[in-house]
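2 protein chains.
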Amino acid sequence: MKKLINQVDDVVAEALRGMAAAHPDLIEINLGPDYVVRKGAPVQGRVALVSGGGSGHEPMHGGFVGAGMLAGACPGAVFTSPTPDQIHECTRRVSGGAGVVHIVKNYTGDVLNFEMAAELAQAEGIEVASAVIDDDVAVKDSLYTAGRRGVGTTVLAEKIAGARAEEGGSLVEVADVVRTVNASGRSMGMALTSCTVPSAGEPTFELGEDEMEIGIGIHGEPGRERMPLEPADRIVDRLLEPVLSDLPFRSGDRVLAFVNGMGGTPLIELYVAMRRVAEALGEAGLRLERTLVGSYITSLEMAGLSITMLRLDDELLRLWDAPVHTPALRWGM
Amino acid sequence: MKKLINQVDDVVAEALRGMAAAHPDLIEINLGPDYVVRKGAPVQGRVALVSGGGSGHEPMHGGFVGAGMLAGACPGAVFTSPTPDQIHECTRRVSGGAGVVHIVKNYTGDVLNFEMAAELAQAEGIEVASAVIDDDVAVKDSLYTAGRRGVGTTVLAEKIAGARAEEGGSLVEVADVVRTVNASGRSMGMALTSCTVPSAGEPTFELGEDEMEIGIGIHGEPGRERMPLEPADRIVDRLLEPVLSDLPFRSGDRVLAFVNGMGGTPLIELYVAMRRVAEALGEAGLRLERTLVGSYITSLEMAGLSITMLRLDDELLRLWDAPVHTPALRWGM
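Just so you know, the sequences run in chain order A and B. Note that the numbering used here has the first sequence beginning at 4, numbered continuously upward. Note that the numbering used here has the second sequence beginning at 4, numbered continuously upward.
Keep in mind the hints are simulated off the structure, nothing from the lab. Beta carbons are placed, not taken as given, at the ideal position from N, Cα and C, and that holds for glycine. A couple of the hints might just be wrong.
If you want a taste of the chain B side facing chain A, the calculated C-beta under 7 Å gives, among others [as the list claims (entries may be wrong)]:
| no. | residue |
| --- | --- |
| 1 | G266 |
| 2 | E272 |
| 3 | V275 |
| 4 | A287 |
Could you put together the complete structure from these sequences and hints?
Right, dumping it as structure tokens:
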């Protein structure tokens, strides 16, 4: 196992300490339980967004904590849900009196633990609204989910709803924005290689030298099909077709295209894929209004990519463009 | 060779077309010869910065074209210098009458070709000032250089000098900023894995399952030492010690620490390394004023990292903090 780590058990805490050292102007961390909160949290009178999930998907979610995005993030062990206590304590820490929105990716452990945390917080008088992301069109049920998995749309929902919270939206309004983004976003991913969870010490799965997996999950869980490697354009088409036909996106729709690297994918390959995405959207009559190209929801060192398409309206576009300042996404400030 | 590409010969042009599709508000591209320029270039009356080098190091350099950074970037074939004609044409395209600064990484081919391009431009009446980056402390001469190689400090020089150009600095002033940054920055890198140049189809070099290479170059050229894999903290110390002792950095110095991924390194590992960087700087009495953590000067899918330290003064800090809007670096706008 070739990784830049020290002790296997220290990876998450050490990465959080590295984040704190790198971004003291943006975030604060707590260790035991582990969470990242916006510097100076809580912001009184503002709705606070909290997300979380297993570690190994960086920059998601800790890298999205800051002005205009998340108030708090709870990283579990690698590919393991955060605990109810952890989420509860983070929720309490960022609560500014206007309520807390939990953004939950649809994995069984995450959903259960966020539910328990919400109950604990509500018992103390903190209003919590939960919104689940389940945008992965690859599979209906899966290894870790009832229903679809939550993947790339999560990043977009955190940005867009974070902007609504920042400008003073109510608890109901901010949670509704998360639900609107989830209803308007669809994703699918693929892998060229596996990844190795540090505590396991060996690859989560094996892929032959000429194989790829289409519809892979962000924990390496099986997708739709294992098949021979193909040219990038054909791979993009294999992901885009089910993504576009599911919503469905229609000619004339305005869209944000998010081409995401899985962690070990060089940027030059993401732009090769982006070229075909733009071309294919043109063929479908879609209007490419915004893009996000980079590794934002990853699976350790897995090579591969996912494509997320979000249908935009004026309000989502306005909130996407609003200023944000986090370790991983920043503009306008 | 597992890559998200189509035809090997099309990788660079297709990636450029993907960049153009993703960032139409920021850049324009030309194919044959290939270059990326700031949208609307030239900016009349402003000094223009042009850089370039082999492809495979994305986002460097094309990802740094935009307001407050580069006016133009010339990508060669993968790990191959751009041609004199290519650099010349890009120089002419971005020239706004106030002169053009060439930022050149110290590799024999790059230096020669930029020199020839500068002569061609000067023969047409375009003033060109060249500044070479040679910040890699790993080796004195190397496979592709007389003298030290140019690596991570290039990114910082492009940002900082770009800010000086944006605010109206003269040709001499902007070139002097590049030289000051080069004189104040030191870098060293390491690799856990090799990388595969698409046209070669097999790894540039081989590393055993328990081996790493310290002092690696960004084209996979040999470094100082091949040795058994060690914990991340020990690796950071092996890079930091020669970096800090070379300038030398002294107790009380203000510094920017740039922890850079080689392309296939997950962000969680860069933050694990960042933790030790911050700790070690504290032990050395250095003041960590700014950080940059991410994959900005890469070697295709190589796993590994490099560390660049830049000594800051008030002026460099002011220029670093100035607004920038490029595909890969953005703040303040």
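Each hint, compared with the structure:
Given the 7 Å rule on beta carbons, the hint for B/G266 holds: about 4 Å separates it from the nearest Cβ of chain A. A distance limit of 7 Å between C-beta atoms decides the matter here; for B/E272 the minimum to chain A is near 4 Å, and the interface restraint holds. Proximity of B/V275 to chain A holds as hinted, the smallest CB-CB distance being about 5 Å (cut-off 7 Å). The beta carbon of B/A287 is not positioned within 7 Å of any beta carbon in chain A (closest approach about 14 Å), and the interface hint is therefore violated.
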